[in-house]
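**Q** Residue numbers (our numbering), protein chains in the order written: chain A, 1 to 316; chain B, 1 to 110; chain C, 1 to 97.
Honestly, the hints are just simulated from the structure, not real lab data. Because the structure is a prediction, the values reported are computed rather than measured. Cβ coordinates follow ideal geometry from the N, Cα and C atoms, glycine included. Among the clues, some could well be false.
Said to hold, decoys possible - Simulated DEER-style distance windows between Cβ atoms:
no., chain 1, residue 1, chain 2, residue 2, range
1, A, Ala75, B, Pro99, 39 to 49 Å
2, C, Asp60, A, Pro118, 18 to 28 Å
3, C, Phe30, A, Ala128, 50 to 60 Å
4, C, Ala22, A, Ala280, 21 to 31 Å
5, A, Gly98, C, Val82, 31 to 41 Å
6, B, Val74, A, Arg185, 29 to 39 Å
7, A, Ala128, C, Asp60, 19 to 29 Å
8, C, Met1, A, Ala75, 31 to 41 Å
9, A, Phe29, C, Gln91, 17 to 27 Å
10, B, Val74, A, Ala30, 20 to 30 Å
11, C, Gln91, A, Ala30, 57 to 67 Å
12, C, Gly64, A, Gly237, 34 to 44 Å
13, B, Leu98, A, Arg250, 27 to 37 Å
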Amino acid sequence: MIIAWTFDAILAIIVLAVAGWTIAARDTFAAVIGFVAYGLLLALVWVRLAAPDVALTEAAIGGGMTGVLLLVAVARLRAAQAAAAAETPGAALRLVAGGGCAVIAAALAASVLLLSDPAPTLAPAAAANLPQTGLGNPITGVLLAYRALDTLLEKVVLLLALLGVWSLAPDRLWGGLPGLKRHARGDDPLVFLARLLPPVGIVIGVYLLWVGADDPGGAFQGGAILAAMWILALMAGLIDAPPVSRRWLRLVLVAGPVVFFAIGLAGFPLAGAFLAYPEAYAKPLIIIIEVVLTLSIAAILGLLVAGPPERAPPPP
Amino acid sequence: MSATILFALGGSALVGLGLYGVIIHPEPLRKILAFNLLGSGVFLLFGVVARRGAAAGLAADPVPQAIVITGIIVAFAATALAVALLLRLFEETGRATLPTDPPPAAGAEP
Amino acid sequence: MSLALDIFTVLAVSAGAFFFLAGTVGLLRFPDALTRLHALTKADNLGLGLVVLGLLPLADGALGALKLIVVWLFVLLAGATVSQLLARVAQRVGPSR
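Sequences are here, hints too, so could you generate the full structure?
**A** Written out as structure tokens, the structure reads:
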């Protein structure tokens, strides 16, 4: 017991130290690397908080995909960095800001220490109704059954963010190919990795989706791994991004929310409320929603990292 | 104090650290980084609340954990949009910081 | 029997941790990028292999042990690719840092 506490204490200190270094680093590239390391350490913290699903999501999306996004941005903004360094605020502003943030952090810490004991919890209600959905993982139950409306709206938010990213392309490039053209050199180790890893990664992504019904995993984690494999192949130059005006791409993107919404509407006649599942068909419906959701999530996450169109669309 | 409360204090410290980074750094990319730090600190507080709600044979309350999963993904989408905006700003103006407003010249329209 | 397995786990994980420490010392002390890469890849891969070896008795079933070994192979693959790419860049940039 004391060993576990020591491990947790050391982990918390290291996480805070890496976060402090991310804020204090002078070079933006070093700060982004620190952020990726911070994301992975945070995944360990989530495991210690008995949240393996959240740990998977944090490692895949919080650490991995955000890291790729920020590294691409740092590489592109390298030219402008020297000018930005001249605008650093003086010591007075730092002191005032530091004092204010310390007060806010102390207030949060005080409210945490004053949390009510015993803690109010929805765990008994979640566990009691889980057998009706046919699932074994309570988090998948919350995401796709109890709070399915939140998940549906989250998918819509993802689509809106993707639309926002696409709308940042110049008018003449609307509907074009996202990202710059990369060429695969034959002896590049990245090309070797991009040939070796995606088949295995796709199997792992599908496995994570399937096993999410009863064990830690689920649609979001599986979709993130599928998106990562697609981005790896893109970055190695093995495949080229599809033009964003392609109909099949847009179909894949909206299939997730549309199927989800349709099943939700079907809940009105079949079970009496929006997104209510009829008793006998709960698990097959949830599996259908999860499969289509995973494909949509993989496409959306990959396209968010690929960015707005930067090359003109090919003639149809 | 238990390890869970330790992580909660760490989460509060991360919120303060992230907020400080958002205020201090002039470059928007560092602000985006610090904003992600702030968000993950808030998620950590959610995780602590979930852990304290262990009951009925589950190791933690699943509802806050599901909310955190949703939050991580939406935070990533917001970061992607912010980075796309920043890159577009750089392409259009050639600088990666937001210009401070120049003082209005005498007689010029506000 | 289980006591012997526990001792084996502790010894192997400690040896792995020692190799990680050696790799980090090399990262901090070696003069330039290529020698640091050398220290990191050699020591960290061996360290992770020893840690995985030490955790094998604690894995649940043959499938769990297989997953651990697959994780080690993936880290080897990713680490080898990244160090090749880094070394290529370091060689091109020259020993300036």
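**Q** Assuming the hint says 18 to 28 Å, is it satisfied by the Cβ distance from aspartate 60 of chain C to proline 118 of chain A or not?
**A** 32 Å, violated
**Q** Lying within 34 to 44 Å: is that true of the beta-carbon distance glycine 64 of chain C to glycine 237 of chain A?
**A** 37 Å, holds
**Q** So does leucine 98 of chain B sit 27 to 37 Å from arginine 250 of chain A, Cβ to Cβ?
**A** 33 Å, holds
**Q** Taking the Cβ atom of methionine 1 of chain C and the Cβ atom of alanine 75 of chain A, is their distance within the range 31 to 41 Å?
**A** 54 Å, violated
**Q** Taking 50 to 60 Å as the stated bounds, is the beta-carbon spacing between phenylalanine 30 of chain C and alanine 128 of chain A within them?
**A** Holds - the Cβ-Cβ distance for phenylalanine 30 of chain C and alanine 128 of chain A, about 59 Å, lies within 50 to 60 Å.
**Q** Is the hinted range of 20 to 30 Å satisfied by the C-beta distance from valine 74 of chain B to alanine 30 of chain A?
**A** Cβ of valine 74 of chain B to Cβ of alanine 30 of chain A: about 27 Å, so the range 20 to 30 Å holds.
**Q** Confirm or reject the claim that glycine 98 of chain A and valine 82 of chain C have a C-beta distance inside 31 to 41 Å.
**A** Since glycine 98 of chain A and valine 82 of chain C have Cβ atoms about 36 Å apart, the given range 31 to 41 Å holds.
**Q** Range hint 39 to 49 Å: satisfied by the CB atoms of alanine 75 of chain A and proline 99 of chain B?
**A** Violated: the Cβ-Cβ distance is about 23 Å, outside 39 to 49 Å.
**Q** Note whether the CB distance of glutamine 91 of chain C and alanine 30 of chain A lies within 57 to 67 Å or breaks it.
**A** 21 Å, violated
**Q** Are alanine 128 of chain A and aspartate 60 of chain C spaced within 19 to 29 Å by their CB atoms?
**A** 28 Å, holds
**Q** Holds or violated: the 21 to 31 Å window for the beta-carbon distance between alanine 22 of chain C and alanine 280 of chain A?
**A** For alanine 280 of chain A against alanine 22 of chain C, whose Cβ atoms are near 60 Å apart, the range 21 to 31 Å is violated.
**Q** Take a look at whether the Cβ-Cβ distance between valine 74 of chain B and arginine 185 of chain A falls inside 29 to 39 Å.
**A** For valine 74 of chain B and arginine 185 of chain A the Cβ distance comes to about 37 Å; the hint holds.
Consistency with the previously given hints fails for numbers 1, 2, 4, 8 and 11, ordered from lowest to highest.
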